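My request is simple: use the sequences and hints to build the entire structure.
There are 4 protein chains.
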Amino acid sequence: MSNRKSAGKIRAVLIGGSGYAGFEAIRWLLRHPGVELVGIYGPPNELGPMEKFYPLLSGQVTLSQELFDADKVAAVGADVALLCVPHVIAMNYVPALRKKGLRVIDWSADYRLRDADEYKKWYAHEHTDTGNLAEAVYGLPEYFADEIRTAKLIANPGCYPTCSALGLAPLLAAGLIEPAGIVVNAISGVSGAGRTPKLANHYPERNESFEPYGVGNHRHMPEIEQTLAAIIGQPVELLFQPHLCPMDRGMLCSIYARPTAAGAGKSAEELTQVFQDAYAKAPFVRVRTDVLPATKYVAYTNFCDVAVRVAKGRVIVFTALDNLIKGASGQAIQNMNLMFGFDETAGLI
Amino acid sequence: MSNRKSAGKIRAVLIGGSGYAGFEAIRWLLRHPGVELVGIYGPPNELGPMEKFYPLLSGQVTLSQELFDADKVAAVGADVALLCVPHVIAMNYVPALRKKGLRVIDWSADYRLRDADEYKKWYAHEHTDTGNLAEAVYGLPEYFADEIRTAKLIANPGCYPTCSALGLAPLLAAGLIEPAGIVVNAISGVSGAGRTPKLANHYPERNESFEPYGVGNHRHMPEIEQTLAAIIGQPVELLFQPHLCPMDRGMLCSIYARPTAAGAGKSAEELTQVFQDAYAKAPFVRVRTDVLPATKYVAYTNFCDVAVRVAKGRVIVFTALDNLIKGASGQAIQNMNLMFGFDETAGLI
Amino acid sequence: MSNRKSAGKIRAVLIGGSGYAGFEAIRWLLRHPGVELVGIYGPPNELGPMEKFYPLLSGQVTLSQELFDADKVAAVGADVALLCVPHVIAMNYVPALRKKGLRVIDWSADYRLRDADEYKKWYAHEHTDTGNLAEAVYGLPEYFADEIRTAKLIANPGCYPTCSALGLAPLLAAGLIEPAGIVVNAISGVSGAGRTPKLANHYPERNESFEPYGVGNHRHMPEIEQTLAAIIGQPVELLFQPHLCPMDRGMLCSIYARPTAAGAGKSAEELTQVFQDAYAKAPFVRVRTDVLPATKYVAYTNFCDVAVRVAKGRVIVFTALDNLIKGASGQAIQNMNLMFGFDETAGLI
Amino acid sequence: MSNRKSAGKIRAVLIGGSGYAGFEAIRWLLRHPGVELVGIYGPPNELGPMEKFYPLLSGQVTLSQELFDADKVAAVGADVALLCVPHVIAMNYVPALRKKGLRVIDWSADYRLRDADEYKKWYAHEHTDTGNLAEAVYGLPEYFADEIRTAKLIANPGCYPTCSALGLAPLLAAGLIEPAGIVVNAISGVSGAGRTPKLANHYPERNESFEPYGVGNHRHMPEIEQTLAAIIGQPVELLFQPHLCPMDRGMLCSIYARPTAAGAGKSAEELTQVFQDAYAKAPFVRVRTDVLPATKYVAYTNFCDVAVRVAKGRVIVFTALDNLIKGASGQAIQNMNLMFGFDETAGLI
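Protein chains in written order, with this note's numbering: chain A, 772 to 1120; chain B, 772 to 1120; chain C, 772 to 1120; chain D, 772 to 1120.
Since the hints were derived computationally from the structure, they do not count as laboratory data. Everything numeric in this text was worked out from a predicted model, so none of it was measured. Watch out, some of these pointers could steer you wrong.
Any copy will do: because identical chains look the same in the list, a pair fits if it lies in one copy or spans two.
Restricting the straight-line Cα-Cα distance to at most 27 Å, the calculated cross-link-like pairs of lysine-lysine (DSS-like) are [unchecked claim]:
1. K923 - K843
2. K780 - K843
3. K823 - K969
4. K1083 - K892
5. K1083 - K891
Below, the structure is given as structure tokens:
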């Protein structure tokens, strides 16, 4: 992976390569047959060869993370900017990138919530780029592939929203479960909490420790509700409760819902069929009938596994994915594949 | 810990010392000021020095696990039998032990469900000791201490039932949450699955893998419902969903309930007060206001931590304990302390 | 990855797909641009769809593991057989495969030790295929690439021998360390111990437990000595001591050697240069000067990282690799690349 | 554990309760029959209830960590100060504590190296309390029990030195291995690296990562050499190489030595007998003949397990202990037991 122009490949730049999502993006782009990574950019305090941040990348990536500058980025002739920076920073960069003509896939939360007031409420910051916000497409390929193909700006979904929405959308869309009173009990591996060291995730504190957090106030809750509402065309109300699990990566949602009148009495097999129909053409959603989802079965892949069961009058859905891949960078590449006309699975197996 | 008679100490025998609960019982009995362990007994294929099963016990326990025989057990003059054997086997042993006059604390499920038909339904086996079943006391000290003190036979609660019931009973008893439609989303460390090797818990399979199991059919579900119904005097209906978490030990329940009319509008602080009142005299339940429960905070202790929150119109309770201690052997010793007039915390700090 | 013939691709069969090395081979072959996997074969008790053994493979591999039969294997027109079966079984299969004209890459130990008597001594079994043994090439690409290119039968090296030999060969070849009295202190992740459940690797026993094993009698010790002797043309004597480390994968060797007269006084920098020269053309050996090797830096890659230091008159070399990749299946594919004229790194980034 | 005076108990203060060693000291003191913890003191930025630092301690310890002040400490009438603070700070506190008449057990390195010049060389700081340094006793109970009993100031040994010295001293003292050219390959759980968060020990970085560190310059190397030299009365030269292992706690040394003429030809059984004789009266050293040492067998105990083997003309010793207990706080309490005439094992089973 070098700076030379490869015939027939699109050119991508990565902005924010030193976090876990950036790292994962690099690893997958290395294998992508149609993309050349031509630049990596970051903040002043995080510059230098990528192997400095990730010794694993030594010998694979010769690019250094350089200071971000929109003009410089434009000068390398990139077709797409992969933007792996924190929220607020993202909306500071997007306008310039868009003006330079780059299509942008943004990992941050800045363009996910459609309503600037909602954004302000949950992120405690005024939205300063409502123009692009209005044009952003939510990058959940299983539901918005058509819009994604032509999008200029993708809001790449959060890990929890992807994992939750893929487990709920088919049943909600089919009118088989109530769109209110849903509980999403979610767990994530620790890489989901980012790369900045803190006591709670210091190895001797986190190892052998499972715990809930963000009760009633996790920012992914409104994103999940908004996504599902967009899919079914009516409001969805749910309680989202995340937990931190002592493992590197992986995410699993255990979702509890009540059947509607139409859904009452449906067997697990019938509900499974609903999922199979919904995801018949989705290459990265596997509706499991052989096993229940487990994080090990999706780790280091772009798959989201789903299974549905019925017990005590309730519908229970389990979904699992790798929080850094289908929950972040793999999904971004899946979006990129759609945007640039590659096979949806290109570089993702 | 030897065979010699210690003045003023009660004499205990352990039946089934080679499983994790037996191991944990031994470790805590070593520190108990009022108990002498005078014999360990097991099945024909699991005999020999305890250090053979647990090299950690070398130099601490000189007793060997000998072949179980009720006459032999009686001959050592034991006051109490701690019965750590699987269900069905337990009810084969209890009648003889009781006839010999020993008080029995049984870790198995054989005397937990009050109704022999329920037992048969969930354990697929006829109950063959309904006489003792009728006299058994459910050993949850926070709610049944009076009965425990005089009991001849204790059904030591399951780990999940302890963790679930302690989180629900105060709110149900106060009429603040609906006794139906409750969801208990539980996770357990792998030691809860026992010591017998199998592929699912082979280290390279289980490490980094979190997964649900027992959907709608876990045997602890009816035990939780029965326990709560006994406490509040009316039926309780809940959905219990367990998961396996890649860690040695620890259990955490995330419990979702709907407030009753009386509970609606109560703040987390008000509900916390209900817990504080309920457990004011319970030495091993800690109602947390400083942190949310986490398995690390209770690991290797007999504490159960509880916290309550309110979000989106629902009541959420988190409880955590060490599945082998408050969820098994520590609780058994707590019961023994009550039965023999020791301080409830003797040997358990 | 299907059964249809792809133009320009070689055709490979995998024999023994249900172990960890087989699994890893499949994952990498899925990404290989020049190879089509056309059949998977195994023993009678391990047949069926690959996703049955590895739910992760669902949706990626449609092949089932079928009963091994040399005629059947020959009928699919394979160019190469990847043989991931235990020792002794391997040498039962190889003669038939070779007769059918397939080139064979054997993961087992059956063709590693050159001397049939040594084999019998260490593996407690008569060697029954000494004819092919004489023709087998030891598949360490960094040292035997020329022989590998034309080999009909490759003895794919053990994980520990790869990790040890790559750390010692350059210094021995340069005459800078004594070829006797070397200590190789090695650690491996638990996947190296295979997929069969046993108490020692049951999660609650292995988690948080680090321990030595195989003192003075590990079968990789003579393989390491033989390999190094073959490289430098004189006997090498070393003590190899393996340990099991509570992690999935990864291997790290800490190697202690005494400098020769020629090596005495050489600095770490000078010795590093020796490694850099030795591996200048080896795409999968990274001589680290920035960090010491760590298993995380090579996990899920085909790299072997090496660093050398001098302290208290001794030379210390650290090497790290992923035991299932550079220590097994990645190396096999690297060998296959050489054998079939692919770029050495094809499918391995 | 309260402030009231308990008849017949000695009074202890803990200085530095917020680090892992302080935490572990508190947990064990809670169980000690002869000691009352009457105060906990720390630096200005680490004050408050102990449960703030360790939620696990809630309900067990009512003491708060108060600002350290020698007068205040003296005023509580303590018999002994347990000093769990970093080096340099320790030697700032010791003179005042000693002047107030307290006996001191110091966990830091400040009084371990006998020679102030050596101290300066390894710790890059002038020794400012050479008076007390001259009187300090090295607290390795297995070898210096007599001096410990009457000591006013104990230098509590480092974890690695304890683990290394207990494995080497008997063979060196018996003249069976050469006192030079020894290699100690050691691994430690991550709690040994302290409680301050840093990237290297951030959970997603450390999990699944095993790595060497401190090549040739770890400060425990001279401490090990000094200790062994003091025991055998002649210089000892060894190479100590530590590694970090992805687990909470536990330490294991794999020690490689050459037999002397007297040791040549000795069997593992004969060498085992040497250890058994050496540790016949040491309650916390277990010479294993049944299993090789493993960290799980000593975790959460004050035991050090030892086993010896002979292979390829070399003597190999394995030792294991819990780095926070026998490697730190358990050993300190063992020293305290000797100093105050308690049974050596009091409070430590």
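Results of checking the hints against the structure:
1. In the homo-oligomer, the alpha carbons of K923 and K843 lie at most 27 Å apart inside one protomer (20 Å), although the nearest pairing across protomers, at 53 Å, exceeds that limit.
2. In this homomeric assembly, K780 and K843 come within 27 Å of each other (Cα to Cα) only inside a single copy, at 20 Å, whereas the closest approach across copies is 41 Å.
3. For the homomeric pair K823 and K969, the shortest alpha-carbon distances inside one copy (21 Å) and between copies (16 Å) are both at most 27 Å.
4. Taking identical chains as interchangeable, the C-alpha atoms of K1083 and K892 lie at most 27 Å apart only when they sit on different chains, with a minimum of 16 Å there against 37 Å within one chain.
5. When the C-alpha separation of K1083 and K891 is checked against a cutoff of 27 Å, the pair qualifies only between copies, where the shortest distance is 19 Å, while the shortest distance within a copy is 40 Å.
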